[in-house]
Amino acid sequence: MNERLFGIHGAALALRSQRMGVIASNIANAATPGYKARDIDFNAALDARLASQRGDITSATEAGMVWRTPTMPSMDGNTVELNREQVAFAENAVAYSATLSFVQGKVSTITRALKGE
Numbered sequence: 020m021n022e023r024l025f026g027i028h029g030a031a032l033a034l035r036s037q038r039m040g041v042i043a044s045n046i047a048n049a050a051t052p053g054y055k056a057r058d059i060d061f062n063a064a065l066d067a068r069l070a071s072q073r074g075d076i077t078s079a080t081e082a083g084m085v086w087r088t089p090t091m092p093s094m095d096g097n098t099v100e101l102n103r104e105q106v107a108f109a110e111n112a113v114a115y116s117a118t119l120s121f122v123q124g125k126v127s128t129i130t131r132a133l134k135g136e
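Residue numbering for the sequence shown follows the numbering used here, starting at 20 and increasing by one per position.
Hints listed in this document are in silico derivations from the structure and should not be mistaken for laboratory results.
From a predicted model like this one, the values you see are computed outputs, not experimental measurements.
There's no promise every hint is true.
To be verified - Okay, the calculated beta carbon distance ranges per label pair:
#, residue 1, residue 2, range
1, Leu69, Ile129, 18 to 24 Å
2, Leu69, Glu110, 31 to 37 Å
3, Arg131, Trp86, 21 to 27 Å
4, Ile129, Asn62, 25 to 31 Å
5, Asn102, Ala70, 46 to 52 Å
6, Ala49, Leu133, 43 to 49 Å
7, Pro92, Ala132, 19 to 25 Å
8, Met94, Asp60, 26 to 32 Å
9, Thr128, Met84, 17 to 23 Å
10, Ala117, Leu69, 14 to 20 Å
Glycine included, each C-beta is placed from N, C-alpha and C at the ideal position.
Build out the structure end to end from the sequences listed, making use of the hints.
Below, the structure written as structure tokens:
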């Protein structure tokens, strides 16, 4: 039902939220020796989530999860590049906000239709 009401935006909102958590974890571990930065390949994860919702494939919780390749590796093995993470976080926050606005608009339209406005 979620997919019929909101199209891909319901799944996209959940993935954007999950990606926000992954990036925040990277930022929090920027000074942890040996920490390997991760990210979510949004397109691959969205395709996997939509396919699993339709029953095409089994749901994989790690679908779309990738390791970040650092531009300049650190001596302690940590692959977090703080500037890159901050940019990714900001871009994801804007995309999350846009997706949320679309979902809120859809809910508002449905609510008005149910009220007969």
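Hints, one by one, checked against the model:
1. Leu69 <-> Ile129: 18 to 24 Å: Holds, at about 21 Å.
2. Leu69 <-> Glu110: 31 to 37 Å: About 22 Å separates the Cβ atoms of Leu69 and Glu110, which means 31 to 37 Å is violated.
3. Arg131 <-> Trp86: 21 to 27 Å: violated, 45 Å
4. Ile129 <-> Asn62: 25 to 31 Å: holds, 28 Å
5. Asn102 <-> Ala70: 46 to 52 Å: At 34 Å between Cβs, range violated.
6. Ala49 <-> Leu133: 43 to 49 Å: Because 47 Å falls inside the window, the suggested range holds.
7. Pro92 <-> Ala132: 19 to 25 Å: Taking Cβ atoms as reference, Pro92 and Ala132 lie about 55 Å apart, which means the hint is violated.
8. Met94 <-> Asp60: 26 to 32 Å: holds, 28 Å
9. Thr128 <-> Met84: 17 to 23 Å: Violated, at about 34 Å.
10. Ala117 <-> Leu69: 14 to 20 Å: For Ala117 and Leu69 the Cβ distance comes to about 19 Å; the hint holds.
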